Every structure is written in structure tokens, then in C-alpha cells.
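Protein chains in written order, with my numbering: chain A, 1 to 263; chain B, 1001 to 1265; chain C, 2001 to 2333.
Honestly, I wouldn't trust all of these hints.
Calculated pairs, SDA-like style, for lysine to any residue (alpha carbon to alpha carbon, straight line, at most 20 Å) [unchecked claim]:
1) C:Lys2115 with C:Phe2129
2) A:Lys159 with B:Ala1151
3) A:Lys159 with B:Leu1154
4) A:Lys159 with A:Ala192
5) C:Lys2110 with B:Gly1178
6) C:Lys2110 with B:Gln1174
These are computed hints drawn from the structure, not numbers from a lab. This structure is a prediction, so every number in the text was calculated from the model and none was measured.
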Amino acid sequence: MHDRLRAGLLIAPALAVFLAFFLIPLGYLAVAGGAGGYSAILTEPRFLRSLVSTLLVAAATTVITLFIATIMGLFLARVRFRGRSTLLALLTLPLAFPGVVVGYLVIMLAGRQGLVAEVSMALGGDRIVFAYSLAGLLLGYVYFSIPRTLLTLMAAAEKLDPRLEEAARSLGASPFGVLRDVLLPGMAPAIAAAGAICFATATGAFGTAFALASRIDVLPMVIYTEFTLQANLAVAAALSFLLGIATWAVLALARGASGGAAA
Amino acid sequence: MRRGVGFWTGLCFTLLISAFLILPIFASVIAGVTANQFVGLSSGLTTRWILDVWANYGGTVLLSLQIAFATLVITLLLGVPAAYVLARHAGVTARLIEEALVMPVAVPGLATALGLILAYGAVGGLRSSWYFILVGHVVFCLPFMMRAVLAVLLAIDLNRLEEAARACGASWAQRFFGVVLPNIRGGILAGSLMVVTLSLGEFNMTLLLHTPFTRTLPVGLADAYTALRTEMASAYTLIFFALIVPLLSAMQWVVSRMDQQGRSR
Amino acid sequence: MSIAISLRSCGKTWAGGARGLLPVDMDITAGETLVLLGPSGCGKTTLLRLIAGLEVPDSIGQVLFDGKDVTRLPIERRNVGMVFQSYALFPNMDVTGNIGYGLRVRGFAKNEVQKRVAEMLEMMQLTEFRNRSIDALSGGQRQRVALARAIAPQPQVLLLDEPLSALDARLREQLRQEIDTLLRALGITAIYVTHDQSEAMALGDRICVMDAGRIAQIGSGRDLYHQPANAFVADFIGDANKYVTQTGEVILRPEELSLRPNPNGSFMITRVTFLGPVLRVMVRHRDGQELRADVPDDATLQPGRRVDVSVGGASLMKADPLADKRGELPAFE
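Let the sequences and hints guide you as you build the complete structure.
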């Protein structure tokens, strides 16, 4: 049919670009690992360690971010106050920051000349510096995770049916009861979906760890060093491919579970 | 919510977190124009660092803008027709294609970049030119353009509008350019702003794809950080914010306009 | 200008096997207003879209405009005017832009377009709204713009897909009359889809009642009301009681029934509702069958009383040819 032919022609360029510059490279990546690359991953302990660290950091980030974003999301979606839209605008700025900028901001906050250091010294105590430790890394990861998660959860909070809440209150539920029995269950799908995105993004995040030159070896950093410093293409490729498959799988599951609402 | 304990706890919590997110930005901006970061604001304001950055890294800003613009043009030409096809067809094939085209977002930039190097790194002319970076940016940004346009296409009653245009005798070209495109302007604009913003801030891929002659702003920024030139790094970050903030504000304005229009229908 | 339309064996099967429409043969005379009436899913919109050219009939189906086979012609080339349920006005154009669209895409000169649009604005009483954006219009105004847009290019046939269903009752009534006047004035062949029986009666020269993909009956309003071909039509047009007697099933209109109080009557009143113009009385026979009767107001008719039911009136209908239904309804042993 005329219609189908035209549809094919219209979408062909996008598909061609996808094929040539994504699918084929991914294929190269899968293959370049080779037996050597994949076996090295399984045998050398530091890769496994790095994987575990990465997953732990991503998990911790997700838990903290969801906790923060759910509370803030519910609050901001339901309360109107002057300056709310300006606040929202400012809170979503970090969405556009590359990881390096976030890492730098963590240094601004928690580095040797950071805000926290100045404040702690001014209060008469020791200079508190934690930018380069696990705390700093987590701080950075949470920093870039909050804006996106917040937007998703705010949208979900706005879609909650106020009548369910009214029904609960008419039956005698306290505000905490309403939160526990109506609001949180109502937001559960969005929380799960946002959590999956947060986890996947944190697993693949690179710039922040790069900027913080942290002692914790997250997987993307390992991939980078293997490639650029060790010229160890096989391992880098194998790790990248596995990382790619893993994040894609997590996001695909999240999309499936939330019915395409989130990812 | 009643203005009880719940409200105040929520408010304090929100303000605390907001401070955490926003204050470092201001601190960084101020550091970029402070004469002596160690002394603080009392040492006075200066544009010295900004000028230093421009002298050393000015090229990166221009290259970033160039790549962002080129990415925009290409994603518009590829993404708008693709979104149109996906919006008009509901079958399994369409859904599969949609899933596929969105994949680059799910895969870490490092992996995509590595793959590109493996596949095309040997093509001499390509590897050392800014086109290599452009390719990575297009692959990454295309899904965002498509999603923004697709969202708007699905919100208008596309099939009905096209049928009405057809009933009036319009050919495909007449209705695509005369009826479809004008009514998805908001989505195209939102997608465009998104693409430019993402491209300007893209680091993970670009770090692997660049060469010393093709450095973008974020890559240069990382360079300044690692060289421990903190004042320059702050000024550099300031320049980055100066580019990004207007774009983000424009995006938010477009989205809120579209929300309003959606509600009035 | 207006044309006769014929359909030969036009059916529509959807991908997946669902039958939207079973093969239909139909002839529509030029200038006639034919109403396609039926519940949702009966195939009336499918039939309209086949005539429009938005769908293609199954293999051997043919659509003929004045004898010419247009089956393979898409809607853009059929010169039809179509009004959609949701109006489908173009948000990026104002009222004038929308009305003139059909003329512009066909390449008419700018001054011709302006002239024709002005005529349409005048005809639809929209002149003062000519530069309004369409989201600043009320439902009724949008409806008029949709009509104006459809007839501006002087189409051969006008197709209307439930154009009034998005409006509230009073507006619907008013616009229905306007559409009726318009269709008569234009003398154009029109096909009108609706699920509303009173709309069908008010507008249609002929009404085509449809059910589950097939035509149940085509005829004038009177034909359908007084001589329904089957129980479905009888039930869809007006109210109908189905009553089983010894000789078969009979269909009775509530207004045909008369009630006479009789302490030994075979029917008992179960419910009485005062509706204003009539008294609606539900009666039940000893054998359990129920009938609905619409009678003049009568305070003696109360629940619990027994009555005799007789069938009167000049119009008789039968699902089974009962020679003469007039008189007492036969009682069962």
C-alpha cells in the first residue's frame, strides 16, 4: 500500500543511523571482548569487586534518592506557596549538568575549601572534608539523581485521585495512615519505575567518579582506565557490553512494569 | 495537606534538600568571579578568570555550540518523520521499532563510544574530525527528540485531523506540512531544546570520542578540573551555566505553555 | 451537483478476522438524506467510512457514485464533505482558515476562496467569529464551522458521523433543526450516522437500522415504526413489548394498550409511574409475562389492582401474522 511505502521511507533514515552507528558498533563491542576479555572478567577479582561496588553505590543512591524524592515530590505536588515555580526551576537545573560538573560541585560543598569545611571550621571544630570518600561519591550520585526522580514522582503525585484520600479520611485515617495506605501505594508503580531508572543511570554514570578521582572503582571508571591507560581493549569492550546489556535490561523491565509510563 | 506537623516537616525537608542542590551552584558561580577563592568574596570580583578560560578554552565552547547545532538539525530531520510514522501506526512492528530506536538512551555513553571506536575508529578522516563526536551525539539525542515529538503527536487527535484534511482534498504533503507540523510545534520546540541541552552537556561519550583537536566544553572542563586550576575551573563552569540556564528556562516555559494549552482544549 | 450512491456487496473485515460489516447492497437516491441508525458497534460508522473512501471494502465490494466505480479512489479524490464527531477542526488555523481549507488545497484563487468563505460564514451565522481561533469557540459554533468547512468546496455528498453527540440536549435539538434546514436548502445527498432514534426520525428521508454488521431494515420513519421487520427494529424504534400467545410472539406498542379495571382480570398492576403526558403502567399476567402500557392519567390504576388488557388503535404490528389482534389478549389456560 502507498501508505506503508511512504511510512517506510520516512522512518528509514532514522533506522539507518540506528543500525550503522549504534547496532553495528554494539555488535563490534560484543565480539571484541573475545574469549580473553570475558574470561578475564570472571577470573580477575578486581573486576568482580568493581562490579559489586558499582551495584552497591547504585543501590544506595537509589534508596536515598527515592526516599528524598518521594517526600519532596508529595510535598511539592500538593502544596502551593509563593516561589514554588522558581524553586522547581532551580531544582531541575542539575538535569543538564554533566557528571564532571556534579563532581566539581561536590568538591565545592565538601572539599578542602568547601562550604562544609568552612562552616565546620567556623564553628570551631575540625575541617570536615569528605568529597573524595564514599560519602562524597554518594553525594554526587544523589545530586544528579534527585532532579529527574523528583520530576517523575511529582507528576505521579499530581495524578493521585484526591477522592481516595478523602474516602480514607472520612473513614478515620490519620495523616500518617493516609500516607501509608493511600498515597504510597498509589505512587508505588511510579516509585518502582523511577527507582529502576535511577539505578540504571547510577550504574552507568561516569563523569562524577572521574571528577572526584575517587578511591572507589566504579565499573565505568574501570572500563575507562582499561581502555585509555592499559589499552586493554578486550576487557574494556567486554565490560562495556555487559554493562550496556545490564542497564538496558533494567530499564526494559521498568518500562514493562510501569506500562511505558516512566522510561 | 493541613498546615500541621506534616506540612512543616515536609517544608523543612524540602528546603534543606533544595539548599543542598542549589547552593553549590551559586558557590561555583561566585567562585568563578572571585579574585581570590581562598580569601573569598572580600577579595573582590573579577573577570580575570573568565577571560583566562576564554583564552585557553574558548575553542571548546565554539565547538560545543557547533556540534549542538548540527545535532539539532540532524535529529530534527531524522526524528520528526520517524515519530510521525510511529504515531500513525499501531502494530507490533511499530512498537518494536520504537523500542529499538530508544535503546541508545539505556546504554551507557562509554559503551556506545567504545563501540563506535571499534567499528569506525580505523576510518582515518572520521576518527580525528568533529563528525565522530557528532555521530555519537546524534545517536544519543535522537530518542529524546523522537519522544518529545511523539508525545505531542499522540496528544492531538492525529488520525482525525488527517482524515479531515483528506476529506477536504489535501494530498499527503499538503496535510503533513499544513496541518500536522504546525500543530506539533510545541513538541518540536521542546525536543529541540532538549537535544541542544543534552549535546552541550554530553561528556561520557565525548571523552572517548574526542581528540586534542576536537575538545568540547565538558571535556575541556574536566581538563581544567584535573589540572587543579580551580579558579579557571569555576569560571569555566560559570560559562557552562550561562549557556545552559537560558536553555533550561526556555524548556520549562515551553512545557508549561503546552500544559496550559492542553488543559484549555 | 448531488449524486446517487450505490453499494454492491460491500463488507468490511478487520485484520484479525472481526467482521465490522457484512456484505451490503444499497441504493441511495440523489438529494436524499439517509440516516444510519443503530447501537455502538453495529457497523454504521464503518459503512459511512466505506462510502467516504476512508476504508476499502472487502474484495468484491463496489462503491458507485452516479454509476461510476469509485471503490479504488481514496477520499481525497472523491469530493465528499465530511463532518466528524469530534469536529476535527485544525487548531493551527482560525475559523476562516478552516472553512477555506478545502478550497485552498484544491488550488482555487485567493479571491474565490475569500468569496466562498464569506458566503459560508453568512450561511452559518459565523461572520462575527471569522477571525477567532477555534479553541475560543463553543461546541455549537465549532459544529457550524465543521459544517461550513465540509460544504464550502461544494461536495457531491455530505457525510456526517454523529455530529451532535458531543453536545448537550438543548443544543442538540437546536442544531438538529439547523442541519435539517441546511440539508433541505442544499438539496445535497447526505448520509447521517447516529444512535439517537429521535434524531433519525427528525432528519432522515429514509432510515437504515443496523445491528451487528448488517442492515435490519431500511425505510421511512413511519414504515419502521408501524411495520418493523423484526424484534430488533421494533425495540430500537420506540418501545416495544414482546408478548407470547398461544399462536406465537406478538409485538405491541405501549400506547396501543388499553386497561380496564376488573377484579377478575388476568393481569395485575405491578407499578405505576406518572410521566406527565402519559401514565406508564407495568402489568403482569398470571403466567409471569410483563407488559408496559402508556395510558391517559387515571387515579384508579394502582399497584395491586387487577385489569383486563386490550389492544386497540389503527396500527397493528405482528412478529407473527396474527390475523386480528384487536380485542382481548388471549388468556392462557
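Going through the earlier hints one by one, which of them does the structure break, listed in rising order? none
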